[in-house]
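Trainee: Taken in order, these protein sequences are the chains called A and B. Letter by letter, the first sequence follows residues 1 to 304 in the working numbering. Letter by letter, the second sequence follows residues 1 to 315 in the working numbering.
These aren't lab readings, by the way, just hints derived from the structure by calculation. Being a predicted model, the structure only gives us computed values, none of them experimental. Yeah, the Cβ is synthetic: ideal placement off N, Cα and C, and Gly gets one too. Don't take every hint at face value.
If you anchor each label on the Cβ, the simulated ranges turn out as follows [stated by the list, open to error]:
#1 A:Leu152 / B:Arg19: 40 to 50 Å
#2 B:Ala203 / A:Met36: 25 to 35 Å
#3 B:Lys214 / A:Ile68: 55 to 65 Å
#4 A:Thr245 / B:Ile53: 43 to 53 Å
#5 A:Met36 / B:Ser61: 43 to 53 Å
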Amino acid sequence: MRKFLNNKGFARIFHFRIQRWYFKPQHISEGILKIMMIASFIIVAGSLGLILYTVILKGLPSLNIAMITQIPKGGYYLGKEGGILNAILGSLYLATGGTLIALIISIPIALYLEIYAGHTFWSDLIRLSLDVMWGIPSIVYGAFGFTIMIALGMRASLLAGILVLSLLELPIMTRAIDEVMRLIPVELEQASFAVGANRFETATKVVIRQVLPGLVTAILLAFGRGIGDAASVLFTAGYTDRIPTSILEPVASLPLAVFFQLSTPYPEVQNRAYASALILTIIILIISLLSRWISGKLSKNVIK
Amino acid sequence: MPVNPQKNSPRSKSDKLVRWSFLATTTLPFLIVVVVIIVLIIKTLPILQYQSIWQLLTGRSWHPTKGEFGFYPFITGTFWVTFVAMILAVPPCLLTAIYLVEYAHASTRAFMKPLLDLLSGIPSVVYGVWGMIAIVPWVQKVIAPFFNKWLGFIPFFAVNNPTGFSILSGSIVLAVMVVPLIIAVSYEVMHAVPDGLREASMAIGATKWQTIRKCVIPKALPGIIAATVLGFSRAFGETMAVLMVVGNVPKVPGSIFDPAYPLTALIANNYGEMLSIPLYDAALLGAALVLLLIVLVFNVLSALVLIHIVGRPAR
Numbered sequence: 001m002r003k004f005l006n007n008k009g010f011a012r013i014f015h016f017r018i019q020r021w022y023f024k025p026q027h028i029s030e031g032i033l034k035i036m037m038i039a040s041f042i043i044v045a046g047s048l049g050l051i052l053y054t055v056i057l058k059g060l061p062s063l064n065i066a067m068i069t070q071i072p073k074g075g076y077y078l079g080k081e082g083g084i085l086n087a088i089l090g091s092l093y094l095a096t097g098g099t100l101i102a103l104i105i106s107i108p109i110a111l112y113l114e115i116y117a118g119h120t121f122w123s124d125l126i127r128l129s130l131d132v133m134w135g136i137p138s139i140v141y142g143a144f145g146f147t148i149m150i151a152l153g154m155r156a157s158l159l160a161g162i163l164v165l166s167l168l169e170l171p172i173m174t175r176a177i178d179e180v181m182r183l184i185p186v187e188l189e190q191a192s193f194a195v196g197a198n199r200f201e202t203a204t205k206v207v208i209r210q211v212l213p214g215l216v217t218a219i220l221l222a223f224g225r226g227i228g229d230a231a232s233v234l235f236t237a238g239y240t241d242r243i244p245t246s247i248l249e250p251v252a253s254l255p256l257a258v259f260f261q262l263s264t265p266y267p268e269v270q271n272r273a274y275a276s277a278l279i280l281t282i283i284i285l286i287i288s289l290l291s292r293w294i295s296g297k298l299s300k301n302v303i304k
Numbered sequence: 001m002p003v004n005p006q007k008n009s010p011r012s013k014s015d016k017l018v019r020w021s022f023l024a025t026t027t028l029p030f031l032i033v034v035v036v037i038i039v040l041i042i043k044t045l046p047i048l049q050y051q052s053i054w055q056l057l058t059g060r061s062w063h064p065t066k067g068e069f070g071f072y073p074f075i076t077g078t079f080w081v082t083f084v085a086m087i088l089a090v091p092p093c094l095l096t097a098i099y100l101v102e103y104a105h106a107s108t109r110a111f112m113k114p115l116l117d118l119l120s121g122i123p124s125v126v127y128g129v130w131g132m133i134a135i136v137p138w139v140q141k142v143i144a145p146f147f148n149k150w151l152g153f154i155p156f157f158a159v160n161n162p163t164g165f166s167i168l169s170g171s172i173v174l175a176v177m178v179v180p181l182i183i184a185v186s187y188e189v190m191h192a193v194p195d196g197l198r199e200a201s202m203a204i205g206a207t208k209w210q211t212i213r214k215c216v217i218p219k220a221l222p223g224i225i226a227a228t229v230l231g232f233s234r235a236f237g238e239t240m241a242v243l244m245v246v247g248n249v250p251k252v253p254g255s256i257f258d259p260a261y262p263l264t265a266l267i268a269n270n271y272g273e274m275l276s277i278p279l280y281d282a283a284l285l286g287a288a289l290v291l292l293l294i295v296l297v298f299n300v301l302s303a304l305v306l307i308h309i310v311g312r313p314a315r
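So here's chain B without its partners, still in its complex pose (with noise of 0.2 Å):
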């Protein structure tokens, strides 16, 4: 054992007690995500007690009033403004980022980076300001007419709502929401493909798009579908932007001209008014915890992905 002549003294003290109130420091993320699952288990488990969770997730009608608690329409709703926002925002993002990967400019890139900060940087309530402004009497009057005389016969587009605030308002402001993240995650795992793959590529023959579509992406693959599923996460559990434009009405969606009841708007709405009514403040936790539980496993999926491939989660 080699004898550290400086062990003792108050320099290495100092150094050893820093260490340690540091590790203690270091363990508050893990124990914060760990608290707020257990607190909001045992805050549900009232209502786990009175109907089973099946019940629980799989009902239609919600009259706290009456004791009925069914999320169903509201999971529903949910998942139907992520659906539609990812679809609509996806296709776009990824084209943006193979052109600023592949394509772009070097100025083009400095213009975006900044532009992008800006975007992810403007809060959800201004969002949803724009959406009602711009989006919501955009969608009633001409994406709804539009679609109900052509396409009213699919009844995915069915539109029997005269209102614009619809699922697909909502999805439109997701999409615009999500946009940044799904663009610099994307671009980040493009970026980090090798660039010696493209080159004996082109130096076959391929054309650029050749390269882009069998070497860049299959072997980006795995990293677009985390950038996706990030996205969708963060969709998911956005509150006010979709709370402002999607109609919160508890029933369950059949068109994308429906208006919806996200999970939640549901804990936003009501929250903090529901005391007086038995089992209301378990069922709305219940919706946190569903919420939570929903986010948290895409999110360690996705976070999974990205350590295997750039070597550290991206945001």
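With the rest of the complex left out, here is chain A (with noise of 0.2 Å):
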């Protein structure tokens, strides 16, 4: 048994031989326990595969052609003719507004808090409200977005939407830049200076580039964050069935149309649920690879 385990693979991919040894009695722990974490690891990578493995399966059989180049027909969610082109491209819409505005508030941030203000308790404070705002449920920013509508007298609509996804990416995305920047060597930034350049030459001219790849990353991660989120587009970006054409107009999104498709009755929409679910993992899927190639070609130019 013992030499089956070691000549195969086993031993390989694990790093792990059964030796002699490990039947002495102080060493039966270790054993038990690295048996033990090789079981949770193999439990970790296998939900993973566990979770692809049930959306494609399920969402295969439902998916073609008419799924993403129409919007939805009469009597759709009966189990008529259509698509969701709306909920895609009304996912697309949503995620690109948040993450721009978003990109646009976190950059000088993220600049700031390296550049400008140094180790002092106000970083500190940023940083955490950052990661307070992290943390805070994206259902709360859907409510505290909608009694602000309210208030105003908005209607649900694209705007909205962007503003609360914003709300949702921003942290995100400055804590990704935030650490990108720390691992910029301090030599560049006093290099710069010695040239003679002030803060905001460095800023723009040496520290932008050379977080270009790790910015790619940021953006990536909270536009796929922005595309996937539901509960804050809930009551603020509302549902549709068209595309819409002002950012007044309320707009349809792809984890809403999962969810709505879902909590139907009938079995042909909700396979066409299990094939949005698809959809939504395959953009997922393309971010993520998206972000690697990326980051690949960009740290070229880094000076490390």
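Mind assembling these two chains? They're in different frames, but the hints should get you there.
Mentor: Right, here's the structure in full:
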């Protein structure tokens, strides 16, 4: 048994050889724990596989070209013709808008924290606030946004959805940019100061270039979070079967499309919910791969 | 005083201008947190004038049309789901993190990193779909009968609910959702333990596991607790995935196979259509406030601990 396990791939994959000395009493607990660790590792890695497997298995049969090229037609929610183009485009609009606003706000914050503020009480307070913002459940943002909308007399719209999503994405993006900025060698900044650049010039001409790969990763991370979040846009963006033509119209989104189709009693529509979930997962996968690829490409220009 | 010859040059002026505009932007996150809290408090006030905080938090009946607002079933529902999720998630997460830090090949680590990133990027609604397709039937057909047969006499495991939409289903889904976060943070914390400690322990003849148990874990313990708290607060505020699998029955649960109705699901299901009933929106925003304050406390505590250990709040 021992020989078999050690010869085969097991030892190679897990870097784990069952050795004779494991059977001495003082090493038994080590062996048991190691087996438990490997088991947990397999459970954790397996659960992702299981999720992808389930979503693909259920979603693939109902996925067709009409799903992604058509908007819902009459009786769509009773199982008739149509697709969820409105939700796909709506989600892209929402996430793009939210990401842009979050980006415009987060770059100055990250630059200020890194270049201007140094390590002070103020910068710690801001980082803590960002962490708190990160922790606030998206449903609370949604309820907060809806309260503000009522107070202003606004109706559910693309604009409101974008604003709430930007609240959600801001801490994710800022912290991600902040993390990469910390990795910049101090000498690089000092060299820039030494040749007479002021802080703003250093920020825009040295630091930003240096963090470009990390910046792209941060943008795509926030974008992915924005596309996937349902609770915050539930009240603020509304839901519609049309593709919006102005930012004051309500807009559909993919997570809500999944949710609403799943809560109908018709199996055909529920199958479409599985297909919509698959589309959403594919978009997230693409974003994840894209961010790896782009940051790999851009990191060639980074001075280590 | 040294005189700066460039003090009034255009470049220096623009630097100053940028500095102030950046500073103004930097106050935003702090302001947003404060504004959210204040708005929620103001909006909750009407219901606090109608009944006391104590009545609101411990009231057991929820009939908005009759003017009865009790959060007790929802708060207990939230805590049950979250606690069971943490019990399921924490041990495998810690073992995996220890494995990754202490034993695993560099190639295993390189494989695990993108996997965890991906797992944390999957939208909660997809987790919810997965829960409805895979976990709910599994709990209904496999887990519940098994527990009913062998452990049904313990009230905690009693099966009174024939559907699989239960606390356990919600907890399993939540547990999988918080796994990437807990592993990432506890990995970071254990990675920060200096190698010298490990070497010293090994040098006096301790085995690898003894080193981990006696040196690495005690040193990393506050960080591990912070990771757990962070996962807890993430699970606490999760809405969509839980909403889809937990059953949504406003009753105080007594067993992990009972349905529950978490605070987040309460807001998501009812908000938007509550305007016609008096005090309903105040009650729901009160629920949001309770959620926010609990998460806030947990987050601040774990962030403070992590700043102390890793030098920055880890994510």
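Trainee: Any hints this thing doesn't respect? Which numbers, in order?
Mentor: 1
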